[in-house]
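K.L.:
As a plain string of letters, each chain reads:
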Amino acid sequence: MSHLSTTAKRAGWRFASSLPALFGVLVFTFLLMRVLPGDPAVFFASGPSAGKEEIEMIRKQMGLDKPVPEQLLRYLGDIGSGNLGRSLTTGQPVLADLKSRLPASLELTFTALLIALLTAIPLGVAAALRQGSGIDHLVRFICALGVCVPTFVSGLLLIYAFYYLLGIAPDPTGRVDIFTSPPPLVTGFLLIDFAVAGDWEGWGAAASQLVLPAFTMALFVVAPLARITRAAMLASLGSDFVRTARSLGLPPAKVVVTYALRNALLPVLTIAGIVFSTMLGANVLVEKVFSWPGVASYALDALLASDYAPVQGFVLLMASIFVVVNLTVDVLYGIADPRVSVE
Amino acid sequence: MTMAEGEPLLAIEDLHVTFSTRRGLVEAVRGVSFSVAAGETLGVVGESGSGKSVTAFAVTRLLDASGRISGGRIRFGGEDITKASSKQLQRLHGAAISMIFQNPRGALNPIRTVGQQIADAIMAHEPISAGEGRARALDLLKAVLIRDPDKRLDAYPHELSGGMCQRVMIAMAIACAPKLLIADEPTTGLDVTTQKTVMDLLARITAERGMAMILITHDLGLASRYCQRVCVMEQGQVVEEAQPLSLFSAPQHAYTRRLVAASPTATSTIADLAPDAGDGASRHCERSEAIQGTSSEPVWIASSAAPPRNDEERRAKPMPGTPLLLEVQNLVKRYDRGVVAVNDVSFSIKAGESLGLVGESGCGKSTISRLVCRLIDASEGEILFDGQAIGTLPARDFHRSPLRKDIQIVFQDPTDSLNPRFNAFDCIAHPLRRLLSMKDGAALTARVSECAERAGLPSELLERFPHQLSGGQKARVGIARAIACRPRLLILDEPTAALDVSVQAVILQLLDRLRREDDLALLFVSHDLNVVRMMCERTVVMQNGAIVEQGESLALFAAPQTDYARTLLEAVLHLGGPTAR
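Line by line, the protein sequences are chains A and B.
Numbered per the UniProt record's numbering, the first sequence spans residues 1 to 343.
Numbered per the UniProt record's numbering, the second sequence spans residues 1 to 581.
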C-alpha cells in the first residue's frame, strides 16, 4: 500500500512541477504566432478587393489592434475560462474542433503503438536470444528499413499494394466508409463506440479503415522499440539474477519471460512514452495521406491559413498530452519497479 | 543414480576450460582434478584469475557463451555430466547441485519479492501450488534465520541488507535439498561480523542436511576455518591440496607459501607480508600484475630490504609533543529524512601519525573520510588542519584553498577513480597542473616520473590508459597521484579492498614506506582489522556513525574495552585457527 501511495505522491509532485512548463509553452506559442509573417485580418477579409476599413474592422474584432501584452493577458484569461478561441477557417470554437478530432488521432496512435509494441518486443527478444544470428541481422535490417522510409512513402506503398493491387483494403479516406452510419457518440473512439452500440459490422468497417494508417505509423516506430528491447534484454540476460535463475533450474521460458523480459521492459516503457508523444504530433503526414480527420492535419491547415487560435490550441493540447503521458509512464514505472520509490 | 560404493559425489578429472577472446583462445583452467565426497566441505582458494570460479561455473555448466569445456571429465553421483544436455542440466540445477554467488544483491531479481523467488526455486522442481510455495518459502526463510521472516517474504531485494540477501540466496539454493552446494565467494563484500554469521549458517545447514560444499574463496582464513580439505589454485591449475592445518602451517608449494605469507594474521607485521621479497620471488609476486612481463622489478624492494622485525621498533611513533595536524571536533553529517551518517565524532591525528578508522559498512567511516578530505560539507562540527578551521569553507570551493594540496585521498576502487581518458602520466600530472599550476615541461615530467617511481610504477607504463593496467598498477597510479603534491595528510579509503592479498601486501608495504619517508600522516579507513592493526598506531572503532572506542592499536587489539569492538575482533578469521567442524 505504501508503495502505491509513494507512487501517487511522486506522480502528484511531477504533475505540479510540469505546470510552469505548460505555462511557458502557452506564452511561447502566443509570441511565436504574433511574430510569424502573414496578417490574418488580411487573409480573412472578404476578398482581394476588401477595403482598408473592412480589414481594420476585422483586426479590431480579433483584438489585434491592442498591444501584445494585453493580447496575451486576454488570451490567458480566455484559456482560464476554457475558451480557446474560434477557428476562422471552420467557424467553430477551437475547443469543439479539437474535441471532435482528438479521438480520431488518439485511436490511430494507440492502435499504431499497440501494433508497434506487439511487433517490436518479440523481435527484440528474438534478436537478443539469438545474438549475432540470422534473426538478429534480419531484425536489424527491418529496423533500418522502418526508420529510413518516410511515413508518407510507406503509407502510399501500403495503399498501392493493399488497396490498388490486391484490393483487400478499403478506400483510404477517413475513419469509416460512406455507407456505414457512424455510431452514437460515446467516447469518440469508433472501435469502442461501435462495440458499445453492438454494431459489429460497423466495427469491422472502422477497423479495416484503421489498419493501413496504423501500420504505416507503427512501421516508423518499430525500430527504436525493437532496438531498446534488444539492448535491455541483452543486459538482463547477462545479469547475475538470470544466472541465479538458471543455476536453480528454472524452466527456460520462466527465465526468459519472468526474470529477463520483465526487467528489460522497464526501459522499453520509458521509450514507449516518448514514442507515443512523438507519434501523436508527427502523424500529420499519415493523417494527410489517409485523409484522417485528426488534430494534426487540422493544426496544419490552420497554420497554412494563418489561423492562430487552432494552432495555439493544438500546441497546448500536445503539451498537456505530453505531461499526461509522462505522468502515466511515471506511475507505471513506479508500479513495475519497486526500487523507484526509494531515492 | 548408479553410484558405486566409495565413489566421490563429484569428481573432476583433468578439466580444461577455454575462452575465446579477441586475442584468441585463452585457457583459463588447465587440467584441474579434484573430488568432493558426500557431506564434505572442500575449499578452493586462489587469487583473481586463478580459475577457481571458472572451474565452478564449468561444473554447473553456467559458463559465459565464450567459454567452453575443452577437455576432461566431470562426474557427479557416478554419472558423466560433462556433455549433459540442457534438459538434463535443468533437472540437476537446484535439485542436485546449486550455487551461491558473490554480490548477493545482484544475484536476486530486483523486481520480484524474495518470497516469490524462493517459491520459483521450489516450483522449478516440485509440482506444488503457489500457496504451498509461499508456505515453504517462509519455512526456508526461518531456516536461514532471517529476522521477521513473515515480513521479509514480501520484501524486495533492495529493501534487505547484503547479509540478508545472501541468506535469501542460501534459502533458494537449499530449497530442493541438493547434494552439492557451490559457494563462490559467498561473503566477499560483506562485513566481518556478517561474514561470520553467514558462514556459520552455511556450515550448520550443510552439516544438518548432509550436503557437500565447495567453498571458493580468496580468503585463506575463511578456508582454513570452514573446510576439511583445501585446494590451492594458481593460473588454472591446482598446485597444492591438503588439510587446512598442514597446508597453512607447512605449505609445500612456493605459491602457497607466498599466499600464506601475504595474508595478514593476528601477529604479522607489514614486513612479514612478503618476507622473501628481494630474492627473486618479488618478480614472481608481480607476475599476475605486469601485463608486459618481467620488465618491472618493483622499486620498493630496495628500501625494505632489511626491515626491522621488531614491532615496536618498526612503528615510527611520533615524538611526544608533535603538533596536531588534524583535529576533528564534534563532527556531524546529516542527510535528508533524518539520516545521521556521522554523529558527534571527535579525533585527532598528529603529524606523521597513522590513524585507522574501522567499522562495518554504513558506520560512517567513508563519510568521515570525505568530510575530512573536504569533498562534502559537514552539518555541524569543526575540522582543524594545522590549526586552521577548514570546515567552514564550502567543499565546492575547497580546491582553491592552499591547503587542498596538503590533504589528498586514495579511493577504494582503483579503476573508477581514474579518468579512463587520461593515461597514467596525465592522471598523476593532473593535481600538479591544477593545484601547483605546473606547466608541461621537464620539471613536470621529472616530478611525475619521481612519483611513479616512488609508487613502484615502472616508467614505461606511464603511457598506458587505465584499462591497459592491472588492478595493482592502477592502485599505484592512484597512490602516485595522491602523493604528487607532497601532501601532509593522506586519506586512504579502503585502498586495498579490491586487490588480491599478494598485491595488497606489496601496496601496504609501499604505503608504509612512503609514510615513513615523507613523515606523512595517514587516515586509514578499512574494514580489514588485521590491516589496520599493522598500518596504524592508533585505531578508532565506529558503529552507527559514532565512535565506540579509540586508542593505541596494540592495546585496543589486544584487549578491546567495548562489546562491539570485541565482536568485531572475534569475527576476524585467522589462519590456522580452529575449524568450524
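Because the hints were derived from the structure by calculation, they are not lab data.
Heads up, the beta-carbon is just placed ideally off N, CA and C, and yes, glycines get one too.
Be careful, since some hints might not be right.
Stated by the list, open to error - Example chain B residues on the side facing chain A (calculated, C-beta under 8 Å, incomplete):
(1) Thr60
(2) Phe101
(3) Leu153
(4) Leu160
(5) Phe422
(6) Arg433
(7) Ser437
Claimed, not checked - Stretch-level coverage of chain B by chain A, calculated; a stretch enters the list once three of its residues show a Cβ under 8 Å from a Cβ in chain A:
(8) 81 to 92
(9) 131 to 141
(10) 168 to 178
(11) 524 to 530
K.L.:
Could you run down the list of hints and mark each one as holding or not?
P.N.:
Verification of the hints:
1. Thr60: 6 Å, holds
2. Phe101: At about 6 Å, which falls below the 8 Å cut-off, the nearest Cβ of chain A leaves the hint on B/Phe101 intact, so it holds.
3. Leu153: Check failed: Cβ of B/Leu153 comes no nearer than 14 Å to chain A, outside 8 Å.
4. Leu160: Not OK, violated: B/Leu160 not within 8 Å of chain A, min 12 Å.
5. Phe422: 28 Å, violated
6. Arg433: Result: violated, 37 Å to nearest chain A Cβ.
7. Ser437: 40 Å, violated
8. 81 to 92: n = 5 at 8 Å, threshold three: holds.
9. 131 to 141: Not satisfied, violated; 0 residues make the cut.
10. 168 to 178: Holds: 5 residues of the region 168 to 178 of chain B have a Cβ under 8 Å from chain A.
11. 524 to 530: With 0 residues closer than 8 Å to chain A, the region 524 to 530 of chain B misses the three-residue bar; violated.
Comparing the model with each numbered hint stated earlier shows that hints 3, 4, 5, 6, 7, 9 and 11 do not hold.
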